[in-house]
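Undergrad: Quick note on numbering: the sequence shown equals residues 1 to 439 in the UniProt record's numbering.
Everything labelled a hint here was simulated from the structure, so no lab data went into it.
All values reported here derive from a predicted model rather than from experimental measurement.
Watch out, some of these pointers could steer you wrong.
[What the hints assert, rightly or not] In silico lysine-lysine, BS3-like type, Cα no more than 25 Å apart, as pairs:
(1) 88 x 43
(2) 171 x 148
(3) 88 x 148
(4) 288 x 335
[Unchecked claim] Quick list of the computed label-pair ranges, beta carbon to beta carbon:
(5) 400 x 429: 41 to 47 Å
(6) 30 x 145: 33 to 39 Å
(7) 83 x 407: 56 to 62 Å
(8) 200 x 107: 53 to 59 Å
Where is the CB? At the ideal position from N, CA and C, for every residue including glycine.
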Amino acid sequence: MVAANREMAVYCFDTLVAHYNSDDAPPPAFDEGQHPLFVTWKKIVNGGEPRLRGCIGTLEARYLVNGFRDYALTSALRDRRFPPIQAKELPTLECTVSILTSYETANNYLDWEVGTHGLIIEFTDPNNNARRSATYLPEVAAHEGWTKEEAIDSLMRKAGYSGHITESLRKSILVTRYQSTLFTLTYSDYVSYVRATRGAAPAINGNISNNRKLANSRYLKEHTTYSGNFSTIAVQCLQKLPSNSSKYTYSSEGHTFNFLIDNGLVFLVVADELVGRGVSFVFLERVKDDFNQRYGASIKNEAHPLADEDDDDDLFEDRFSIAYNLDREFGPRLKEHMQYCMNHPEEISKLSKLKAQITEVKGIMMDNIDKVLDRGERIELLVDKTENLQFQADSFQRQGRELRRKMWLQNLKVKLIVGGTVLALIMIAWIAICGGFKC
1 MVAANREMAV YCFDTLVAHY NSDDAPPPAF DEGQHPLFVT WKKIVNGGEP
51 RLRGCIGTLE ARYLVNGFRD YALTSALRDR RFPPIQAKEL PTLECTVSIL
101 TSYETANNYL DWEVGTHGLI IEFTDPNNNA RRSATYLPEV AAHEGWTKEE
151 AIDSLMRKAG YSGHITESLR KSILVTRYQS TLFTLTYSDY VSYVRATRGA
201 APAINGNISN NRKLANSRYL KEHTTYSGNF STIAVQCLQK LPSNSSKYTY
251 SSEGHTFNFL IDNGLVFLVV ADELVGRGVS FVFLERVKDD FNQRYGASIK
301 NEAHPLADED DDDDLFEDRF SIAYNLDREF GPRLKEHMQY CMNHPEEISK
351 LSKLKAQITE VKGIMMDNID KVLDRGERIE LLVDKTENLQ FQADSFQRQG
401 RELRRKMWLQ NLKVKLIVGG TVLALIMIAW IAICGGFKC
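Please construct the entire structure, taking both the sequences and the accompanying hints into account.
TA: So, in structure tokens, the structure goes:
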């Protein structure tokens, strides 16, 4: 079993320092394996109790190198409860890495041990029939001094349930328990380790120009049928997205990274270049509409049920940050939309052409991804002229009105013909029965 260790915490510090220096982190000194993981940053001021500065992780298994690299930055720069960690704060930080193991379904809500097990609870809110869930890492209940029942009740509140908690409701909860291994490293210990193993202490340039953009973004859910470093490239591309349009495409080694931005949400699909951008954006439009229909109201109007005011136990940005939840809720929908587009290429192709007539893809960005990832790169933005776009839109609207008028006239003719035929049949039947117009 893989356990959290010093090298993993060192790699998290390396990643954060490299970010400030606009550089690449040194290769990690541990092997890859797939496990759920967390990265926690705390700040120590004047020798006092460490205060939480950021903590985000995943309940899905990730390759450790990629996972610690991504979540070292995510927890430091994108935890919405805190401003991004600045370079000048590094000397006061300590990093805790956690690897989650031994997932088991508990027999009941008391079938776990305080200080040993972390918890994931799922239950149906009796007030509105909503499905709710939340989690605590193994150390939370012990740190708070809770009993099992108190921990369960706190988790239910964290999940967003505000009603009366009854014993029958507790018994209806599905509890998954897990364990974790931890390793904590202070910045001073990190510096000592680097000096001893590399011959020089880490240097910090304090370049934090990307912090604000990272802090304003949130990861929701992904689905992939291929392996690769797509997630890493996508995160770096996300930092480069301009804010003056809604659709962009980056090109890299035979693949396109297609971004659709809508009301602060970013939808991305990575596709083979042969697929074409039009089809990719039709897929993204389908996903966007489905996602907004399911979650739009809750994102805009409701408090996030996994977020609370307790710095020590609020481990996630919000309920959409948990891949564990969205795997069950929206992950299958991503796969369905992807499969539909693959199984109906002609329909999707026609639809993409139709949408292109209505609204051109503005801000298409085509460049080599290697240039995007290098500091000082230049990305050429291809934006169609507004006058041409407006002309095409007006022309298409006129065509649409003419088509609707023709269809209306055609339908009217059909109705008149059918009505006349029916009337003639009635008259013929009348004459046949009555022997004339006298009956």
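Undergrad: Determine for every hint whether it applies to the structure shown.
TA: Verification of the supplied hints:
Pair hint residue 88 plus residue 43 holds up; C-alpha atoms about 12 Å apart against a cutoff of 25 Å. The straight-line distance between the Cα atoms of residue 171 and residue 148 is roughly 13 Å, inside the 25 Å bound, and the hint therefore holds. At most 25 Å may separate the alpha-carbon atoms for a hinted pair to count; residue 88 and residue 148 exceed this at roughly 40 Å. Taking the CA atoms of residue 288 and residue 335, the gap is about 14 Å. The hint holds against a cut of 25 Å.
Restraint check, residue 400 to residue 429: a C-beta distance of roughly 43 Å satisfies the suggested window 41 to 47 Å. For residue 30 and residue 145, the hinted distance range of 33 to 39 Å is satisfied, since their beta carbons lie about 34 Å from each other. A hinted range of 56 to 62 Å holds for the C-beta pair residue 83 and residue 407, which are about 57 Å apart. Residue 200 and residue 107 have their C-beta atoms about 54 Å apart, which keeps the hinted 53 to 59 Å range intact.
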